[in-house]
Every structure is written in structure tokens, then in C-alpha cells.
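All chains, full assembly: derive it from the sequences and hints.
In this text, residue positions in the sequence shown follow numbering that gives the first Met the number 0: the first is 0, and each later residue adds one.
It should be emphasised that the hints constitute simulated quantities derived from the structure, not laboratory data. For clarity, every value in this text was computed on a predicted model and none was experimentally measured. There may be inaccurate statements among the hints.
[Said to hold, decoys possible] Pairs of lysine-lysine, PhoX-like flavour, derived with a Cα cap of 20 angstroms: (1) Lys64 to Lys92; (2) Lys97 to Lys64; (3) Lys88 to Lys14; (4) Lys66 to Lys88; (5) Lys135 to Lys125; (6) Lys14 to Lys64; (7) Lys97 to Lys62; (8) Lys89 to Lys62; (9) Lys64 to Lys194; (10) Lys62 to Lys92; (11) Lys90 to Lys13.
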Amino acid sequence: MAGTTNFVFERVEKKYLLTREKYNLLLEAMEPYMSIDSYGKHTIGNVYYDTDTYELISRSIEKPKYKEKFRVRSYGIPKEEDKVFLEIKKKYKGIVYKRRVSMTLKEAEDYLEKGIRPKKEGQILKEIDYFLSFYKPTPKVYLAYDRMAYFGKENKDIRITFDHNIRSRQCNMNLAEGDYGTPILDEYHYLMEIKVPGAMPLWLSKILSDLEIYPTSFSKYGNVYKQFILPNRRKVLCSQAY
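Structure, rendered in C-alpha cells:
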């Protein structure tokens with residue numbers, strides 16, 4: 000039994016959509032300041048939970064002051080005894096609060112599908128209990144992407160990630176089923192996220208300004224919802240009206 004481990008993150012996160020050209024220029028410019036993560040290139044899998052009416056993502060894309068979501072995340076394709084993370088991610092007035100607990104895939108499946116709690120508990124698991132009880136969400140979207148992550152040489156709390164080959168599916172939601180899916184972003188673009196505990200360092204602000212790289216609003220789950228789910232929901236609603 001692996002038990003559970005709690006993690007809490009509080010930070011500012013900014014997203015940027017990069018062409019391959021801008022991606023290569025940025026990597027070169029930030030080399031004196033950032034080091035590549037020890038994992039190198041790795042694949043992340045996620046299962047996003049939502050209500051039957053997609054209340055969570057519908058609210059999120061309206062850009063409210065407060066929003067929240069719940070997902071189960073793995074690094075690579077997990078087996079039953081591999082570690083996964085149950086995460087509640089909240090955003091309030093631009094600050095991201097991520098609270099997550101780790102357990103094995105088997106423990107996560109028993110907890111989420113059968114209501115069997117892990118032996119070790121904690122405050123974050125209680126928050127997840129409340130979230131699940133309040134929204135009664137179910138698995139709605141699987142999302143995977145290949146990630147390169149970097150951290151600051153002087154300040155390791157500064158993190159920059161680049162996600163590529165972002166793909167999704169709305170079937171076979173189990174993380175162990177594989178990381179296949181339909182692309183939601185073409186192969187010539189990268190999604191960059193800058194994650195800092197406070198203000199962005201001046202050197203990074205200057206690089207972004209010099210390269211004319213500007214923040215964007217890009218939600219992976221939100222884009223899947225708008226591209227693939229919302230059009231079908233509208234068709235169903237229209238057919239029910241007649």
C-alpha cells in the first residue's frame with residue numbers, strides 16, 4: 000500500500016501559444032537562466048471530471064473570478080501500482096491554487112469508482128470528498144501531451160513548461176488504456192506555461208517582449224469542449240426541441 004501524499008501549490012500561471020520558430024528562439028534565449036527538468040521529455044495523461052451538463056468547464060470558459068476543476072493525472076501510462084495524482088485546481092483573481100494527493104492507480108479507481116477510501120487520509124482528500132459529493136462529477140475527457148519542463152537556475156520555483164502533441168478522447172477514460180487521442184493543436188504549435196510564485200523576473204519579461212510573445216487564454220479541456228463536445232450538445236438540444 001503506497002498510501003497518500005499531499006501537495007499544495009500557489010502561484011501565478013501564464014499561457015502562451017508559440018509557433019515552432021518562436022519556440023526555438025525562446026529556448027535559445029532562456030538557456031542562461033533555465034535548466035531542463037531531470038525527467039526530460041515526458042508524457043502526461045489526465046482524466047477530467049465534470050457534471051452531466053459540463054457545469055465546471057462551461058463556467059470556466061466564461062472567465063469568472065473564481066473557477067475550479069478536478070482531474071486525475073499520471074506521468075506516462077500507469078499500471079495498477081503506479082502513482083497517480085488526484086488534483087483540485089482552483090483559480091481566483093489570477094492566482095492558481097493546486098491541491099493534490101497521490102495514490103496508486105488501483106487506490107484511485109477504488110476510491111472514485113467504488114467509494115473505497117485509501118487507508119491514509121488528509122485535509123486535501125477531505126476537500127476532494129466534498130467536491131465529489133457536491134458536484135457528483137464523472138470522467139468526461141482524457142487529455143495527453145508531451146511535455147518539456149524547465150526550472151530557474153537561481154530560483155527553482157520559476158518553472159516553464161512546453162506542451163506539444165496535445166490530444167484527447169471521450170472514450171476509454173482509464174489512464175492505463177494508453178495515451179492515444181485526436182489532436183487538438185497542430186504539430187507546428189507549442190503551448191507554453193510560465194509558473195512563478197510572484198512577479199515574473201525581469202530577464203524573462205524582456206525576452207518575451209523582444210520576441211513579441213504575448214499571453215493567451217488557452218484551456219486544453221476548454222478547447223476540447225468547444226471543438227468536440229459543445230457542437231454535439233447543441234445538436235442534441237436542437238433535436239429535442241422538435
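Consistency of the hints with the structure:
{"no.": "1", "hint": "Lys64 to Lys92", "in the structure": "holds (5 angstroms)"}
{"no.": "2", "hint": "Lys97 to Lys64", "in the structure": "holds (16 angstroms)"}
{"no.": "3", "hint": "Lys88 to Lys14", "in the structure": "holds (16 angstroms)"}
{"no.": "4", "hint": "Lys66 to Lys88", "in the structure": "holds (8 angstroms)"}
{"no.": "5", "hint": "Lys135 to Lys125", "in the structure": "holds (15 angstroms)"}
{"no.": "6", "hint": "Lys14 to Lys64", "in the structure": "holds (17 angstroms)"}
{"no.": "7", "hint": "Lys97 to Lys62", "in the structure": "holds (18 angstroms)"}
{"no.": "8", "hint": "Lys89 to Lys62", "in the structure": "holds (12 angstroms)"}
{"no.": "9", "hint": "Lys64 to Lys194", "in the structure": "holds (19 angstroms)"}
{"no.": "10", "hint": "Lys62 to Lys92", "in the structure": "holds (10 angstroms)"}
{"no.": "11", "hint": "Lys90 to Lys13", "in the structure": "holds (12 angstroms)"}
Violated hints for the displayed structure: none, as all numbered hints are satisfied.
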